[in-house]
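Construct the complete structure from the given sequences, taking the supplied hints into account.
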Amino acid sequence: VVGWGEGGRLALYAAALDERLDGALVSGYFGPRARVWDEPADRSVFGLLRGHSDAEIARLIAPRPLVIETGHFPEYGFRLDQEGIPERIRKGAGKRGKPGRLLQPTDEEVRIETGLINTDAVVLRSVNRAIQPESWRTLMKKIGAGNLLKRGEKSDSGWAAIKPLQTVKDISRRHREQVQAIDRHNQRVLIESERLRGELFKIVKTDSVENYESSIAPLRERFSKEVIGEHGSLQNLAEPNARTRSYQEGPGTISYEVVLDVQAGVQAYGILTLPRDMKLDGSEKRPVVVCQHGLEGRPQSTVGEKDYHYYKAFATRLAERGFVTFAPQNLYLGWDLFRILQFKANAVGCTLFSVMVPQHRQITEWLAGLPFVDGDRIGFYGLSYGGKSAMRIPPLVDRYCLSICSADFNEWVWKNAATDRWSARYSYANKGEYEIFEFDLGGTFNYFEMAALICPRPFMVERGHFDGVAPDKTVAYEFAKVRALYAAQLGIGNRAEIEWFVGPHTINGQKTYDFLHRHLEWPDPTE
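In the working numbering, the protein residues as written are 1 to 527.
Hints were generated in silico from the structure; no laboratory data involved. Careful, some of the hints might be misleading.
[Unchecked claim] Straight-line distance between alpha carbons at most 25 Å, and here's what the computed DSS-like set of lysine-lysine pairs gives: (1) Lys-431 x Lys-473; (2) Lys-205 x Lys-225; (3) Lys-481 x Lys-205; (4) Lys-202 x Lys-169; (5) Lys-312 x Lys-95; (6) Lys-91 x Lys-312; (7) Lys-306 x Lys-91; (8) Lys-306 x Lys-473; (9) Lys-344 x Lys-91; (10) Lys-95 x Lys-344; (11) Lys-481 x Lys-202; (12) Lys-91 x Lys-225; (13) Lys-511 x Lys-285; (14) Lys-481 x Lys-511; (15) Lys-431 x Lys-91; (16) Lys-312 x Lys-511; (17) Lys-511 x Lys-473; (18) Lys-344 x Lys-431.
[What the hints assert, rightly or not] Each pair of labels, with its calculated beta carbon distance range: (19) Lys-141 x Asn-236: 22 to 28 Å; (20) Asp-514 x Ala-14: 35 to 41 Å; (21) Gly-97 x Ser-233: 27 to 33 Å; (22) Pro-63 x Glu-433: 42 to 48 Å; (23) Asn-128 x Gly-84: 17 to 23 Å; (24) Asn-236 x Lys-306: 33 to 39 Å; (25) Glu-19 x Gln-235: 32 to 38 Å; (26) Asp-207 x Gln-180: 44 to 50 Å.
Built from N, CA and C at the ideal position, the CB exists for glycine as well.
Here it is as structure tokens:
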């Protein structure tokens, strides 16, 4: 197999995976992948740098021959600045698509990467143009097909002749056909994905809550390791070393900024809000609601007037009802900055949630240690991207005794992958959130399956009829499966709820507040 540029990448991967290929000629691709996040999005492979860089992949070809050409690389970039560097927009309206460029390593960088293969089956050649005759001859001789190089024998030796594309129109048509073929494949896989998830969850027992909890545990572990990703340095928490300062005071509440150490170089920040009338000496224990902001949000938006049309100051409103609240800062802030961080994390088999889950573990452990907090009654309530957090963080943070997903719950896999005209309004396939896609999520965990990881803890959805996240029917379709699990299969239907309200993408603060008072066992002061 022979290829240049993207074709070279395909040749390298194909030869590594398929032993029917006797050898490979890789031109204009091979080199160090240590900055794969600066390359186009399709170069990203989950966990690539955990032992599958180009040299490691090349070792999978050995002892079959591999010829590598360096010196002539394709030139391509998208969203580059004036210096040809992938741009990083920090605030304002984001642009669609991930910035990236094809890297052009030096001969020395390629030589070093080739040296890591550590096999005599590799030949490295420096060229000015791709697929040079000498490289071709070297490969053919090494696979024992040197006789095919004799002039005039190609037509009698099983060679496949492909007519070259002669015009820009031909090339554009071919590109369009390739994209359409990939899209057709993806849409077929999208339809099949629900069956695959069902097969995965066949191990779950629903004859009792106790058996359910034990049988769901392996799937929760898989979700943690293969979807969210675990970074070894963050599995053990440091001492929190809490630092606090006064932030704001209201008629019935007082708020403090809090910084906690998680591990070396990683901190957790948020705003703690307390009811003024509570006793701090430990003579009473209050429940806590962790109130999570959305995309490009700040904890300040959950406690004050800023962005009130979204958040309704719900962290302050809940504190006025007697709850302790904590509003953490999550990582989805800074437009391109956090999105590129997601690609960096993906390269080592992690995600943004690989950092946020340990942050929330530290937050909840610190909260549980406060003398006025009941550590068994800590709930999670998140809006929008905070709703995404509500589906992914509580399954992996044992201290969260319930979760509320606001303005986000829907048929998540469909929302990621659908490309038909009706779905385009809602789908991420044509939007600017290029970091949103998670590897093999469709075949493993949609929102029903994530809710199943939260179960048997109480779970609630807050849904506005005019929320553009998704149409009502896809929200209802996915929640119906949640309801069936809780009510029909496990007999705990009082722990799963959805509120439909007339409104947009916002906190409604009606049935969800009732849900919190009931399950966190704190009296409603309005009754």
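Hint check results:
{"no.": "1", "hint": "Lys-431 x Lys-473", "result": "21 Å, holds"}
{"no.": "2", "hint": "Lys-205 x Lys-225", "result": "22 Å, holds"}
{"no.": "3", "hint": "Lys-481 x Lys-205", "result": "16 Å, holds"}
{"no.": "4", "hint": "Lys-202 x Lys-169", "result": "50 Å, violated"}
{"no.": "5", "hint": "Lys-312 x Lys-95", "result": "29 Å, violated"}
{"no.": "6", "hint": "Lys-91 x Lys-312", "result": "23 Å, holds"}
{"no.": "7", "hint": "Lys-306 x Lys-91", "result": "17 Å, holds"}
{"no.": "8", "hint": "Lys-306 x Lys-473", "result": "32 Å, violated"}
{"no.": "9", "hint": "Lys-344 x Lys-91", "result": "20 Å, holds"}
{"no.": "10", "hint": "Lys-95 x Lys-344", "result": "19 Å, holds"}
{"no.": "11", "hint": "Lys-481 x Lys-202", "result": "15 Å, holds"}
{"no.": "12", "hint": "Lys-91 x Lys-225", "result": "32 Å, violated"}
{"no.": "13", "hint": "Lys-511 x Lys-285", "result": "24 Å, holds"}
{"no.": "14", "hint": "Lys-481 x Lys-511", "result": "21 Å, holds"}
{"no.": "15", "hint": "Lys-431 x Lys-91", "result": "17 Å, holds"}
{"no.": "16", "hint": "Lys-312 x Lys-511", "result": "15 Å, holds"}
{"no.": "17", "hint": "Lys-511 x Lys-473", "result": "20 Å, holds"}
{"no.": "18", "hint": "Lys-344 x Lys-431", "result": "21 Å, holds"}
{"no.": "19", "hint": "Lys-141 x Asn-236: 22 to 28 Å", "result": "54 Å, violated"}
{"no.": "20", "hint": "Asp-514 x Ala-14: 35 to 41 Å", "result": "57 Å, violated"}
{"no.": "21", "hint": "Gly-97 x Ser-233: 27 to 33 Å", "result": "31 Å, holds"}
{"no.": "22", "hint": "Pro-63 x Glu-433: 42 to 48 Å", "result": "45 Å, holds"}
{"no.": "23", "hint": "Asn-128 x Gly-84: 17 to 23 Å", "result": "22 Å, holds"}
{"no.": "24", "hint": "Asn-236 x Lys-306: 33 to 39 Å", "result": "36 Å, holds"}
{"no.": "25", "hint": "Glu-19 x Gln-235: 32 to 38 Å", "result": "37 Å, holds"}
{"no.": "26", "hint": "Asp-207 x Gln-180: 44 to 50 Å", "result": "47 Å, holds"}
Of the hints listed earlier, those the structure fails to meet are numbers 4, 5, 8, 12, 19, 20, in rising order.
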